[in-house]
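> Given next are the chains, with one letter for each unit.
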Amino acid sequence: MTKDKARELFIDYMYGGLDIDTQNQLEAFVQQHPDLKEELDGMMETRQMLQQMPVESPTEQFVMMDPAANKRSFRISLENLWSALKPTSGFGRFGVAVASFVFLFIITGSLTNLNFSMQDGEISLRFGEQPPAQIGYTAAQVELLINQVQAENAELMADFVQAAQEQQEAQFQQTLASFASYLEEQRTSDLELIDFSLANLQETTYNRFVQTDQVLGEIIETVSLNR
Amino acid sequence: MTHMEDAQLVQDFLGGNHQAFNKLIGRWQDRIHHFAYRYFANNDDAAEITQKTFIKAYQKLNTLDDAGKFGSWLYRIANNLCLDELKRVGRKRATSLEALKTAPQTETERAADSALMRNEAIVLLHKALLQLPTEQRMVVIMKEYEGLTFREIAEILDESENTVKSRLYYGLRSLKKTFDSWNINKEVFSYD
Chain A
1 MTKDKARELF IDYMYGGLDI DTQNQLEAFV QQHPDLKEEL DGMMETRQML
51 QQMPVESPTE QFVMMDPAAN KRSFRISLEN LWSALKPTSG FGRFGVAVAS
101 FVFLFIITGS LTNLNFSMQD GEISLRFGEQ PPAQIGYTAA QVELLINQVQ
151 AENAELMADF VQAAQEQQEA QFQQTLASFA SYLEEQRTSD LELIDFSLAN
201 LQETTYNRFV QTDQVLGEII ETVSLNR
Chain B
1 MTHMEDAQLV QDFLGGNHQA FNKLIGRWQD RIHHFAYRYF ANNDDAAEIT
51 QKTFIKAYQK LNTLDDAGKF GSWLYRIANN LCLDELKRVG RKRATSLEAL
101 KTAPQTETER AADSALMRNE AIVLLHKALL QLPTEQRMVV IMKEYEGLTF
151 REIAEILDES ENTVKSRLYY GLRSLKKTFD SWNINKEVFS YD
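Listed in order, the protein sequences are those of chains A and B. Oh and the first sequence: position 115 is 115 in this note's numbering, straight run, nothing missing. Oh and the second sequence: position 69 is 69 in this note's numbering, straight run, nothing missing.
These are computed hints drawn from the structure, not numbers from a lab. The C-beta atom is built at its ideal place from N, Cα and C for all residues, glycine as well. Careful, some of the hints might be misleading.
Using 27 Å as the maximum straight-line C-alpha spacing, the simulated DSS-like pairs for lysine-lysine come out as follows [claimed, not checked]:
1) A/K37 - B/K56
2) A/K37 - B/K52
3) A/K37 - B/K23
4) B/K23 - B/K69
5) B/K176 - B/K56
6) A/K3 - B/K23
7) A/K5 - B/K23
8) A/K3 - B/K69
9) A/K5 - B/K52
Derived list of chain A stretches under chain B, where covered just means 3 residues or more per stretch with a C-beta under 8 Å from a C-beta of chain B [stated by the list, open to error]:
10) 11-22
11) 34-48
12) 53-59
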């Protein structure tokens, strides 16, 4: 036996796959080779350690639902429902028939836009969309309305123009009066100013005369004394 | 595995007895759930994989050639779904495992309480298992946790028995190296 051959047998040895003779041969060979013994012991120890690892179990049990069973159960449910609702008496059957007809009529009506109306003593039944109702005025009515509106507009415009003219005249007269008043006030003010100026001039002239007389008097007196 | 009962239930289902399939679910749900749980270490992921497995089995059961191999066939479906899921989220998981490569040793050393150490060790066991290459991890899970025979595993994986044994050998060796590098040994689990 060689070392390589011994290593090939390690797995079978560890998992009990060797016959007794081969097992004994391997054990004897390994005892003679410490490196092989160390390797084999290490692998066995590794196996022991791997067994220490815990594992978690599934938390719930899977169940595969049968699709055919689901279809069957749905059909059976429908049959049970129908048998429960199915009328047994003649009156019940008549009621179901009437209800079915009304239901069918409503469904058909909703799908075809059924319109039931009564107008001018006539009953009308229409399918599909209803024609649009006449809304608005005739041409003559429109013309009459336009004429009325035009007349009202003309009257309103005349009143407006007249009022505007009256207002303008009043404003013009007021402006003229104001202007005249302003001119009168201005004239009065000017006259007062002229009068005041003349008075000042008169007073000034008088004062000059007085001063001139005084100066002349002093001159005459001086000349007289010098003589 | 009681192949005869499975085969009979499969035949009953194919004959129109829907409840036979629910009996098959009852017989296999725990094992498929545990199998998926070893992959993802997450109960929700395991439940989802289990559910998908049975739905697929329900839809494809009429394609099963040998009713006696229902178990192997079911594991193969679950295994393929696990691989698909791993491909889908592989990058995310790989990233989280990268961070673990340096963390375990210091965390383990810091843990003074024995119970805490044991819990940490269990977490690291799982992480180490997830770090294995997919082919090795599948074989380790099927053999160590599901107790399948080498022949059954070979059937599920469509490989030879020798290939299965070889993967198991390298898987166990790789786990041993990882445990050594993280300072995890069997004494950690004897502190109860």
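> Does each hint hold? Answer for all of them.
Evaluated hints:
1. A/K37 - B/K56: Distance of about 46 Å is beyond 27 Å: violated.
2. A/K37 - B/K52: violated (44 Å)
3. A/K37 - B/K23: Given pair A/K37, B/K23 is violated - Cα atoms ~47 Å apart, limit 27 Å.
4. B/K23 - B/K69: Cα-Cα ~16 Å, so holds.
5. B/K176 - B/K56: violated (36 Å)
6. A/K3 - B/K23: Outside the cut-off at roughly 49 Å; violated.
7. A/K5 - B/K23: Cα-Cα ~45 Å, so violated.
8. A/K3 - B/K69: violated (37 Å)
9. A/K5 - B/K52: violated (42 Å)
10. 11-22: holds (count 4)
11. 34-48: holds (count 7)
12. 53-59: Satisfied; 7 residues make the cut.
Violated hints, in rising order: 1, 2, 3, 5, 6, 7, 8, 9; the structure is consistent with all others.
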